[in-house]
Amino acid sequence: MAKLILNRLSKAFETGGRPAVNDVSLEVRDGGFLALLGPSGCGKTTVLRMIAGFEQPTDGSILLGDRVLADAGEMVAPEHRNMAMVFQSYALWPHMSVADNVGYPLKVRGVTGERRSTKIREALAAVRLEAYADRRPADLSGGQRQRVALARCLVTEPDVVLLDEPLANLDRHLRQEMEETFREFHQRSGATMIYVTHDQAEAMALATDVAVMSEGRLLQVASPQEIYARPEGRLVGGLVGQGAIVAWPAASVENRRLDWDVLQQLLSRSHGADCADILIRPQDVEIAGEGVPARVTSVLFEGERYALKLALGDEQVLRAFSRQPVKVGDMVAIIIRSAWRL
Amino acid sequence: MFRSQNRGNSQPRWLFSFVVVVIFFLSVLPLGRLAATGFSSLFNGGARALLSDPVVWQAVYDTLTTSILGMIAAVILGGGFALLLTLFDVRGKTALGFLFMLPTMIPPQVTALSWIGMTGPSSALLKAIGMAPPLGSPQPLYSIGGIALLYGVQNAPLVFLSLRAGLLALPRDGVEAAGLSGASSWQVLKDIILPLSLPGFVAGAAIAFVSCVGNFGIPAILGIPASIYTLPTLIYSKFAAFGTNTFADVSLLSGLIAILSVIGLTVEERVLRGRDYRVIGLSGQVAMFRLGNWRLIGELVLWLAIFITLVMPLTALIASSLAPAYGVPLTPTTATLDAYREVLFKQSITRTAFTNSVSLSLATALGLLVVTVLTGYYLVRSKSRLAPVLSALAEIPYALPGIVLAVALILVFAAPIPIIGISIYGTIWIILVAYFSSFFAVSLKPVVSAFRQLDPSLEEAARLAGAGFGRRLVDIVVPLVAPAAGASVILVFLIACNELTVSAILWSAGTQTLGVAIYNLDDSGSFNLAAALSVLVVIMVIAMMLVLELMAKRLPKGVVPWRS
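So the sequence lines, in the order shown, correspond to chains A and B. Be aware that the first sequence starts at 161, since it is given in our numbering, and climbs by one per residue. Be aware that the second sequence starts at 607, since it is given in our numbering, and climbs by one per residue.
Rather than coming from a laboratory, the hints here were simulated on the basis of the structure. There are no misleading hints in this set.
On the chain B side, residues computed to face chain A include the following (Cβ under 8 angstroms): (1) Asp1061; (2) Arg1069; (3) Ala1071; (4) Ala1073; (5) Gly1074; (6) Leu1086.
Glycine included, each C-beta is placed from N, C-alpha and C at the ideal position.
Chain B on its own, in the form it takes in the complex:
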């Protein structure tokens, strides 16, 4: 009964081929196709027309200014919050951390809508309290500064997380040693803590920059009315005005986005690579300073930040959703639930969007789980040198902005699929494929961490008991990684349900998603309907985040993205 399994490996041979095929189709093929189209149009001269177009360079300039300003705002907000919350003895840390992380999980177009509802002459909230600016005065957020500010709010949690992970690992004994050698608290902060946390700052800033560059929802809602185009919205408008050169143009434009993103990701990776010193000392014990009389002020500052970045915009959003029409003042007598009735029961478009988003997200979350359990198993158990390469390839589609991937998939599927001759372009299936590719890394991460924690002898015992690969998977491995698998499903569902960028490019009549529906409602002037739908989405986000938060104790470290 010979089986030529190498080196007592626990995997059947087909597993490696399976993983290679999966990663080829989800990552290598679309991105390779995009690169090929980009290069060919670069060398065929088709690029000259595009690259000499001042609109493109204006978009690059606007992308860079909004992203850099947004990054600075995110660093100030997220960095300040992380320092205050982690290093000082403020109360209510868990609640503050959770609330601060919320904006990153709220879809960007919803963030944009809620801030619009909070400012400008038509704000239902401002009108209700009689503070609205006079009619005709401009909406201040329709500007470079407005886009940058919202980038900052949306991405501050990324800086917060990155910095907090570093700060939590700071050895308390090192801080105490500095204190014993006579340094004052301020000196300790300046000489020990800030230098040690610099990598966290830089990495957080870099990842926030990448996220800003690829953001679609915020510039689409705030920029397009003011004729400010960033690269993602320029791509969107190119698709809207479809022409002969569209494919070549958008592949070059998304190439530009990819280059900017890769610069940011490289900086992040470089900085974090030098972070090995963080394991020295008794980590886990957080360095903490007493604020004394200042504590109340510190807490006030933190809650004020939450109030301004989260509570006020969401209140404005709710106010807008209750107002009978855009611009009509909201009073207890005019308040109405009509908008909710409209989006939930009357409008077939929003109902289709609900069905589409929920079924797409469920299919993605559950379908990916099957793929990622097998892939994760291979990546953790394999001793092959290819495993880290495959692991990196699996990460790329999620690391790159969604718009790049959407364009890449259009290029792959614009023509009918060879051999079977069916075209999925314009159907819901292309969105499903894009979700699989985009959220593969999201689904993979919790599963891989769970496999890493699994004692290999549990599986070895099953092998000696006579159980083959499939049997072990079903009886032993899957039940043991079940909590992480559950988290993976919820996480993918949450992110896929809120997604706009990918579906904004890939949708067509009948296949719109929730993100697209919100955007289209706002675009067509039904601001109260857009607000109502957004409120429902925010409620769903918060509910699912709370479920994950409750599960967090049973999950491996690093599975729940907003906990560190």
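Pulled out of the complex, with its shape left as it was, chain A reads as follows:
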């Protein structure tokens, strides 16, 4: 197995308009788990479909190790790529049993008899569906169908596994269970996995690397921890984790990590200074006896705590948590422990 490399990949559809994918370069290390994160229409699914071979790039190239899979001139057909994919709609064949669905890639490869049934059994065991081998996909629940689709990927030891919003059609309870299954699947198979999603929590929970896309462009690639702590630009900052983006007179500071001392200083000698966007996570906002005054504009009880929205003097909105009950309209004083200049 080898590294998957996207080299200045672009895709423009014949209908015109802005390219769906624009100059995307990316390396996915062998055995990595990359989440492609972005709002709908950002081009992430097109990237995935180009990796699978369903779309041909109009510029740039896709390589697996030193083998060129596709460029603007030629491409390897999907059937020769040794990849597997979990589709949003599951894409199970309704006329085949669960075992036949899972075993189809083996059948195509000419694997027969005992070896095939052993492999099917193993794959179904890995997703805990051994008992369902003879059922039809129509008799299964959404989560079970998704696990069949996953078992179908598992069975041939593909180089790359692609997942196209696989949890979008499942309810929240099932999602958590499936996230666990995906993680297990990744550890067990060691395959390179690419996971398309618009849900940042999903991306952060699963992936070893997160790539954020918007309007066809790649904005940032980093580990979940890195992208959470040091997002680049407003779009990534707004997309990853909870947080409020506030304009603060911080344009002149060199350091991007700002603590309360710095923030306070900036505020006091600010008049006329250039503003910059800073990202403030709710857990870094502390309600204290002193600090900046803020008005509570909304309170949401979440069980273990209250989630607040606070309006600063200039009506900019912050998010914060509180252990104590507060009321809408209360005035509080806050300290911002840490902020990140975007």
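Keeping the supplied structure of chain A fixed, place chain B upon it in accordance with the hints.
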């Protein structure tokens, strides 16, 4: 392992060439040949003799009058039926709709025979109930009016379908809104529903007109005895009296039919193009009015229409088939099954006809399926701009009257086929080719609708599993479109088995079809044998329609032609 497949297309390269070749041979070549012969005889002066022949202009005149009158009858009958059945709360809608659609699937010559059996001095039915007109009085259907009336009955279902599709899509909320704003039911009908359903009326009328212009069975049986010739029967008689100019003449005559048809089809297409508004609102919920005390009367009217247009003629047909000889009164003692015994076991001609029709229809239905699965796959999956053009070309042979195509194929195959040097003219193979060409669109439509409904990811998953085109086709695609493919086979079989127009021109000794056999039996005066054979055909039609009706739930919308 490079394959230069463009843009991740799922089709192998040969598929495009295959589709182009198929459509060239089934549509472009015959129609192009017909046009070429027509134009050349037009410019060579050979046309002058034909076009100065008053018989031709009389035939054009008769074609137009019968077709326009027939269209009016079809609009009144089919339109009235559709309005009553769709908009009002009458009971038994499914049964009424099915029965009303039957005449369109019954071969026209059978319709004509059954109506003859119902009227006139020799009617076995009228004699049995003692109401026959005196001997020697004329058969009233052997006239322009008779032909037009039967055109109306035969084609009313086309208007019914076209109008019903529009009415079913009428948004109920729009009707309710009009009601809330104070309009009475009559005002709603007049101001909202009729204007919105006008395109359905016009399109149905246009398609009925085209069908009348190309009809052969009805004017052949009703018109020829009274020396009334329409263009299709004139072509038939030209072939019967074969001469040096026959090919040039018939190509011009079928050109005339094609022009009349294209006018009708253009009107239909224009009208339906402006029908986009029908998706607004909650469609599927049919606007419905309560008839209250009038309901029983409405239902009576509908059942009476079914009785007159379907039950009575078919009863007459059965009566004629049971009568010992034409004109002999039918009583319980004279009734006999001799005619059935004769057509089923004794007459070698009818048995040959059965064998021919069944094997031709089976070969057409199954052979076309292979072609249409590949063609349909290409037409749905291809992003090429050529796909819609190819799709339109595939439709033309079925849209044009069968007689035009038959003439075109004679022109193509009159000479031996180049290179291999074999002539198929006069053999059963030319009929098979004509059926392939004629019913290509019939076979294609259900398959295309099924492909449209197929989630592309099902095939993409198979590609990633490593399956190449042929493998995917066999393992994934064909099993998933199987119900529609089955419907396509039954539909083609049904239509091909009942067909008369194409084979009437193309048959020769030993290659007669069921349609030809019925016509020839009637022509030679064996009316009871013709009736018996017709009864058998009607039973077959009804059986196959019922099978399709039972399958309908599992099929994509629009596959079964009489359901909307």
